[in-house]
Structures are given as C-alpha cells and as structure tokens.
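Quick note on the working numbering: the sequence shown kicks off at 183 and runs consecutively.
The reader is advised that the hints may include incorrect statements.
[Stated by the list, open to error] With a Cα cut of at most 27 Å, we get these calculated BS3-like pairs of lysine-lysine:
#, residue 1, residue 2
1, K539, K748
2, K413, K480
3, K649, K480
4, K699, K791
5, K649, K638
6, K539, K699
7, K791, K748
8, K638, K615
9, K699, K638
10, K638, K413
None of these hints come from the bench; they were simulated from the model. Values in this document were obtained by computation on a predicted structure and should not be read as measured data.
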Amino acid sequence: MSGTRRRPPQRTISGSRAAGSRSRSGTASPRRWIDYPRAGRAGVRRWLPSWRQVLASLLLCAGAVAAAVGYAYATITIPDPNPSTLLQNNVYYWSDGTVLATDGSVNRQNVSLAQVPPGVQGDFIAAENASFYSDPGIDPQGIARALVDMAEGGSVQSGSTITQQFVKNTYLDQSQTLSRKFKELLISAKIGASLSKQRILQGYLNTCFFGRRANGIEAAARVYYNLPVEKLNVSQGAFLAAAVNEPSLFQYADSDPEARAQAQTRWSWVLDRMVQTGRLTGAQRARYAAAGFPAPRKWTPGAGLTGQAGYLVQLARSYVQQHDPGVTDSSLSRGGYQIRTTFDRRKTAQLARAVAKVRAERIDPVHRATDRNVQAGAASVDPATGRILAVYGGPGYEQAHYADNADTSGVPVGSTFKPVVLASALQHGAVLKPGTSPAPITPASKFNGDDGIQIKDQQGNDVTDDKDPTGLLHQHNDTTHRWGNISLRTAMEQSVNTPYVQLGEDVGYPDVARTAKALGLRPQSLAAPSAGFYIGTSTPSAIRMAGVYATFATSGTQVTPYSVTKVTHDGAVLPGFTAPAPVQALPAAVADNVTDVLRGVITRGTGTKAQALGRTAAGKTGTTDDYRSAWFIGYTRQLATSVVLFKEDPAHPQLQSLAGVGGLQKVFGGDIPTEIWTRYMSDALSGLPDLPFPAPASLGRGTDEPGVPSASPAPAKHAAKRVGRPGGRTTGTAAPRPGLPTARPKCRPHKCG
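Can you make the complete structure from the sequences, with help from the hints?
Below is the structure:
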C-alpha cells in the first residue's frame, strides 16, 4: 500500500456547470428558473440573453399583448354617436330645385346610399380604401403603405380605412393620440363585424367634412356644384373624394390658382385609381379627361332668411306641420328635413320688385307723416294647380318685420268679397219676397243703388243698426250719387254697396258663407252674420283671396293653395304631401259669368289702371270703412294675384286709416294696390300668350228686386264713369240678427296655404 500513489479527484460536468455552481464557501447554489444574469459567464456575456431567452420573451410579450387586445376588444362597447353628428339643417328649395334657404347650426342633410350614384361611391372607395368591401374594417398594410408613400413625398393618402374614418367621425373625436387611435382600431373591428358595408359607407359619406361648411356628401354636392347628390357624375365625385383630405384648401378651388392646381392633380389621381381598381375603363377615363376639370361653382355663404326668404320658409314650415303632426318644432330644430316648395324664384323677385318700385314712387315716410307704417302684402297663385308661386310678406326679417302680410288674418277684404256674393246668388238664387222660393239671379238683375236705402232681411223685416239714430240700417255708398235701379254688373263695376248688401240679405248668410268656404276661405276668417259681411268685413289672407279668384279663372274648379310638394327626412320621403285634388266649387256657367262681370271692372269700372297690363284680365278693387285697407285682386287664365295695402304701427297692432297716404285724400284699391298688381303681372306674364276667358254661358232670365219697373230707364250716361268710390268702401255695418254672434275682426296672424 505504501507504494501505491493516490489519484486526484476528477472534475465532471456535473461538478460545477450542469449540477449547479458552488458558492465561494464551497456549497452548491440552487438551480434558477430563469438563468439571467447568465451563470458561468463573465463580463458583458453574462448580461447578454441567449436566443432562447429572446424568443421566449418575444412570445411572452406577444401573448400578453394579444391577451390585452382580446380583453379590450371583448369589453369595449360601441359608444353612442356624437351629438354633433346627429345634427343636420333643414333645407328649403325653390320650385326649380335650387336652395331657397337653410336653417340650423350644421350644414348637413343625411342621404341614403341608394341616393349616391354608384360611380361616385366608387370615387371614394378608390381614393380612400380600395379593399373596403373585403377588409375587416382595419388595414395594417394600408396604414404602412400610406406612411411610406408620404415619407417618400408621394400623394397624400389616408392611412385609415373607410370604416375607421366613419368611426372617428361618428363616435370619437379628431384628436391625434395613441389612446384615441387604439380605440378607433378596436371599435372599427367591432363595427366591421356588426354593420353591413353599405351601412358603413353611407355613414361615412354623411359624416365627412368637405369644406365650405359642408358636412356630408349632400351638402357638399349643393355647395360645390349646386346639385343634389343624385345628379353628381363620376368626375364631380372624384373632386369631392379629393376634397375630403384637404377641405381647407380645396374649398377655394374656384378662386385660388394654387388650390385649383392641387385639386386638379388630386382629382386626376382619383380617376387613375378608379381605373387601377377596375371601377372605370380607360375609355371612360379619357372622356372625363377630355371634358376637363369639373371646377366647383363660386363659393357664396348659405342663403339666409333675408328679404322674402323668411316669410317663404315660415309658410312652408307651417304647411308641413299642418299636414304631418309628427313634424314638430322640436324635430325641426334637430334638422334633417328637405322641403321642396312651390315658390317660383323669378316671380318672387318680380313681386318684391314691383312693391319696392311703387313704394319708392308713391310712399314717402321721410317727408310725409301719413306715409309711415304703411304695409303691403301680396300673393300669387297658379289657378290650374293651386301652387303658391310668390308672396310678398313685408320688408323682411332683417328689418324686424316678422308678420307675414300675405298670410295674416285681420285685414278686412272690403268689396273684393262682392264676387263671392254674386257667385252665391247666381248659383242659389235669392228670396226677393218673404215666403217665396229663391228667384233666379243674373248679372243683369237690377237692384236699388241709391245711397242710404233701408235694408230688409228675407222675412221682410228691417235690418237694425245700433249706430243709426233710427235704430235701422240705412246702407251707404261712398258718395250720395243717385244710381237708381242698376244691374248687378254695373254695381260691381262701380263698386256700389247698396245692391250687394240687399242681395246678400236676400241670398242669406248660410248660402253665401257656404259659397265662400267652397271657394277656399277658412270658416274662422269669415265675419259673423251682419249686413257688413256681404261687402267685406271678413278677414281672409291675401293667399286665400288669390285662391278664390283663381277658382273663377278656372271656370269654378277649386284647388286649395299650397306651398310644399315634397318632404324628405334623413333621405326618406314623408307621406301626405301630394298636391290637393281639384274640386268643382262652382258650376262653370256661374264662375264664367262672374269672370265676365269682373272683366268690366277693369275695362270701365274702378280698376281701369289695370288696363296697363295690356292683356285679357279680370279683377276687383276693395276698400273698407275709414280706408283701413285697400285691395286689388285680379287674374288671367295663367295667374291670380292679390295685393293689399294697410297701415299698422308694429308697436301697436291696430289698423289705422290710409287717408292721406301718398298725398291722396282717400286711398282706394284702384290706386296703389292696382299699380303694384299691374307692374308685377306685366313681368310675371312676359312671354306668355294672352289667353281669352271662356265665353259665359247664358243663365236665362234673371229676376229684379221688387219695385224695379219692368222697363227701367237706363242709368244716366255719367253713371258708367267713376262716380262711385273706386274700390267699394264698406260702410254701414248692420247689427247682427238676434241670437247670432257679433263679428270682431282682429289683426292676428294665422297660417294657411
């Protein structure tokens, strides 16, 4: 044993590396789950992770991110749309489709995708998101591609899909933060999985901002091209698709050469993209190029409620609310309504111009105190359709005049009501003797036209008047001229009151009121039964009176005047706005005979100033007690127009006398109102043929008032002259019959038409 040498112990792998290291004291350290810092390494190598550790770390991070994104996706909810994206304005259109006015704080009118031409849809898809119909709502490759292109100085492109832009516009804000972008991606993925592509594209097109204060493609189509979106072509759509990216610049493409050049470049690029994505052929692209850049129209601010616009808008709003109870002030304030009216842009301007010219020539409030607070109202109606073509409501909202003088109740119509009495008498006859049946009446029937005659009712009783010292009604004309027994035709031409008051009593209030309502007058505008009712104490609006005379023009066919032809809300057409159906309000023979009588008013009566029109026309003047209103209503086959003049202090709404206005001692309907009517009708009918009225059919033999000699001598020659008061002053209002309410006309606005 002593000769044997002892071998030293061998180091094995398990000794210091695999089996674990030993501490400096010689004891082994425990095995670690993560070998970092790396054992057995010195210096920098000790801190460099192995490839296994790097891979594990990446997988761990990816898993954590995926889990976090998955949790966020599962828990995030689609928020309610931003209130601002729900706001729209209401747009009112002239009859030719151009914008009349808008109201509301946001210029947006939502449309359905079906209203947007497919080619225009393709413009936006090609420019913004070619993979729109196949991607899940987000497109990482598109984002990366856009970043690279912009970094290399290429065309400005959106890195977001159409879905992302819809989400940003509708549910989020425009801030450029990572948190907002992350929410946008998550909500976009969720929206892409829950909404149809058509719904998303529709929402996107309705929420994009295009510049010029236009939100949504409908507003953009109007403000850039003055077209509804349905009429846009692919070239115009390419410009709008280009404007979405730089609206603040492209909105000036009508006037700024730099903006126009950039817009043209971007427009061309959009068309090229249409070809690249298969949405346009090369030949089609060439045609659009040959047609040239679709330059937008000059930018002018949106139409305000100035001039006549305020009255037209209010008239249309009232009509819409009357015909659809679901349209309330609250819903109108939220916007989204497109209201197409009957109003003719050219005729409205012509009517306003006629009023302005006559006022400038005849009314001088600066130098004549009597000319202050003089107001005018007018309305023009198409007899064949009932469409309200023009109104003059006053100087305008901007002048703090908010009451529509064309649509206001409270101004008595005076002798312009006499044709209604005549029409009722021709149709129903008159009780000329107590206890007898109604006798036939014709325009040739004669009645006593003298001033101060005593009026009797159908029972033969004297009509009372508490203002007369005798307690009985002695009806007066404007002059004391002794007309004797004159025909109803002559009494209409010269506006003699007494025959028509007695005729009205003989026909009876029920029949006259029934005729008035059949002609389109509202029951609430009719005065209560009294002798004054027959010569115009009722207070219908100028619109309704134009409608009455329009019925005479169409041989008795009545169409209620209306102002709205179509209403859409958020792109959906609302029911209930079809044109009123025509009805036969009067027998044609009756209406045509009334027209024949009213032609005489212009040719040889109180309305001779209307002869300046130079064409076949009929009409009637009207003036009321103390000259508190003056009217002229006249018509041709193509147009019926009423004009009213009155005086009222806006601070004290009560009718004042027109005496002295324009330097005239008395103001009649045959004067200033007829001048306005003639000027307007001359312009409005320019270029149209002079159409004759139908020849009136014979009504047979009429009956005269009792006491008229069978061979009554003809009136004196001077009787055909303007001896009576031009305009037919209403005087001698009788007390109402016992048991019937008293008429108290008030100047209070009401809505009609």
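Verification of the hints:
no.: 1; hint: K539 / K748; result: 34 Å, violated
no.: 2; hint: K413 / K480; result: 19 Å, holds
no.: 3; hint: K649 / K480; result: 65 Å, violated
no.: 4; hint: K699 / K791; result: 30 Å, violated
no.: 5; hint: K649 / K638; result: 17 Å, holds
no.: 6; hint: K539 / K699; result: 35 Å, violated
no.: 7; hint: K791 / K748; result: 39 Å, violated
no.: 8; hint: K638 / K615; result: 10 Å, holds
no.: 9; hint: K699 / K638; result: 25 Å, holds
no.: 10; hint: K638 / K413; result: 67 Å, violated
Going through the hint list in order, the structure does not satisfy hints 1, 3, 4, 6, 7 and 10.
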